[in-house]
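*Asks:* In the order they appear, the protein sequences are chains A and B. Note that the first sequence ends on residue 1601 in my numbering; no numbers are left out. Note that the second sequence ends on residue 440 in my numbering; no numbers are left out.
Fair warning: there could be bad hints in the mix.
Here are the simulated DSSO-like pairs of lysine-lysine, each with C-alpha atoms no more than 30 Å apart in a straight line [to be verified]:
(1) K1361/A <-> K304/B
(2) K408/B <-> K1574/A
(3) K344/B <-> K1361/A
(4) K258/B <-> K1361/A
Read the hints as simulated data drawn from the structure, not as lab findings.
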Amino acid sequence: MTVILNQSFTGISIGAVLLLIALGLTLTFGQMGVINMAHGEFIMAGAYTTYVLQKSISSAGVSLLVALPVAFLVAGAMGALLEWLLIRRLYTRPLDTLLVTWGVSLMLQQLARDVFGAPNVQTHAPDLLTGNISLGGGITLANNRLFILGLALLCVLGLTLILRLTPLGRRVRAVVQNRDLAEVSGIATERVDRTTFFIGSGLAGVAGVALTLVGPIGPTMGTNYIVDAFLVVVVGGIGQLKGSVITAFVLGVLQSVLEYSTTVSVAKVAVLVAIVAFLQWRPQGLYTLRTRSLA
Amino acid sequence: MSGLSISRRGLLAGVSAIGASAALSACGAKTGSDTSSGSGATADTSGSTVKVGLLNSLSGTMAISEVTVHNALLLAVKEINAAGGVLGKKLKPISQDGASDWPTFAEKAEALIKNDEVVATFGCWTSASRKAVKPVFERYKSLLFYPVQYEGLEQSPYIFYIGATTNQQIVPALDYLKKQGLTKLYLVGSDYVFPRTANKIIKAYAKANGMEVLGEDYAPLGSTEFSTITNKVKDSGADAVFNTLNGDSNVAFFKEYKSAGLTAKKMPVLSVSIAEEEVKSIGTQYLQDQLTAWNYYQTTPGAANETFVKAYQAAYGAGKPTSDPMEAAYISVYLWKAMVEKAGSFDVAKVRAAADGIVLDAPEGKVTVDGATQHVYKTARIGKVGSDGLITEVWNSGKPVKPDPYLKGYSWASGL
């Protein structure tokens, strides 16, 4: 029983990490249809932002809290700049976007290597987040995982509220559902695109801050997560927030349960096989949004 | 976006193809594309200087460790030159960047031997890079001095192994755990040749010595997700963890380990790939009081080590730590020098013949070259990580241990 409870929590916490890294992609890839291979580098930018802030702010707790909004702005600005410089010129050429953003991702990795050095760096987690909460009976919840879970849920909530309730959210949805009609109705679609991209990339930055709590910060850290992030969005169904949320947690629990009963490599393979089988059965993903912009 | 149409399957194929190509370029290993003739090396020893090759990863994921080894090699070369060189000739170091990529290592090794005509080469870190350059050195009959502990079961006539083999590091570490009464072990390692071979040896040892291996888990190199492995370790009821993780995975593992409420007191972790440099980058808070197994620590007593640490910090900055592979690299140049001087020649065959019995008062203590295996006698040392990030010795083997790369002297290892 203890094992099952501990492993479920582990699965949910893996799911929370997956959700955080995929959340930005549900906007830029899911809503806008842009295949941005440099998304992982925005995660990296968020992580390095945390590192830089911790160097100037001595308190680990304060610097972490400051890093969240700052990383959002830094990664968001990078995203908006990328959109303005390159992606908006390639909206009708998705495969070219893939190659161009992959090139950008390599350049950003090299830039990070030049600025911060090739070796990976670490941040110090605040003491509050290095311990765990014991629920008795051998069940423990690691504080850093709880923090990431909370952060992921907060981001989902915030994003849902923005999309549902704000004028910006209404415009984003309108553009996703029918770009031409939105445009003739007087919506500045270009500006909406840039804002959406800003928010999506910013969320990657927030994910980067969270990842500093579990692993090292390095120039190639983004590439470790980018494939997982795409998997979550594709399985969840393009353009659907709730699909990504469910998928992230299901994949997380699946991974942790399989990993517990077999080995890491076997679990990874089994999860990928399950995803392939699922997409054979349901190529459109868990949920679908009928729009004209996506085949 | 109206014209945007791409099938999801096409996209997945594209994304995974890019991922796969990146992974391939990172770990593709070339296994000797031998076509040229097997003529010996033609080292140029006619001038007033001779060239020595330094082959380390100065970029890429291994740079964190290998740059320090490169620094230690340069320091040794500089010191030897200041003292008059070898056989009256100054050494000219030629650095080549292996770039953490094994085929590149093979290419650069060939360039050093053929183009630069070096008299000997020093370097390599991962076993994968050593395996990649081994056929090159054998084909050209040129010498490589390898400075890192490794998994044993190898003995090339053209490689001198200056780091520990298994019976000088892993076996003494197991002896130590057994003596402490920590007989139930959990094995955690990275998924490649060194940890898998090491764990095979550990399991054979455990079986013959009444120890129990309760579990064994491997994570891909570079993996940062250790929550499940930590849960398994925690639930296993093991006395100690034997850790053969390499590189940055250690950071994620030890963070998770602490989050799960596990400590050095409850369940100590003995690591064989964490030295002073890595302690600093993982963070002392996560590693305090955990155990390591090496042959040298920065704190190892003795005049030779004091001189080495002082010289290294004078050259590369106060507060820079020295570690076991750095020390092995540093002494490898001195050992080569002693061999050459005993042989009276730079000729590879004569140097090899002169190697047996060369003794050096090294920072790690007395080391002796074993001519038969081309390894060195080394003292095994178990250390504990202190709050200052340095490692203090808690046990040593008393005298240098004879190298036994194939574990012939251990009856339990006969089935390996």
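*Asks:* Indicate, hint by hint, whether the structure satisfies it.
*Replies:* Do the hints match the structure? See the list:
Note on K1361/A and K304/B: the hinted pairing holds, with a Cα-Cα distance of about 16 Å set against a maximum of 30 Å. The straight-line distance between the Cα atoms of K408/B and K1574/A is roughly 35 Å, outside the 30 Å bound, and the hint therefore fails. In summary, the hint linking K344/B to K1361/A is supported, as the alpha carbons are separated by about 19 Å, within the 30 Å threshold. Between K258/B and K1361/A the alpha-carbon distance is near 34 Å, which puts this suggested pair outside the 30 Å criterion.
Going through the hint list in order, the structure does not satisfy hints 2 and 4.
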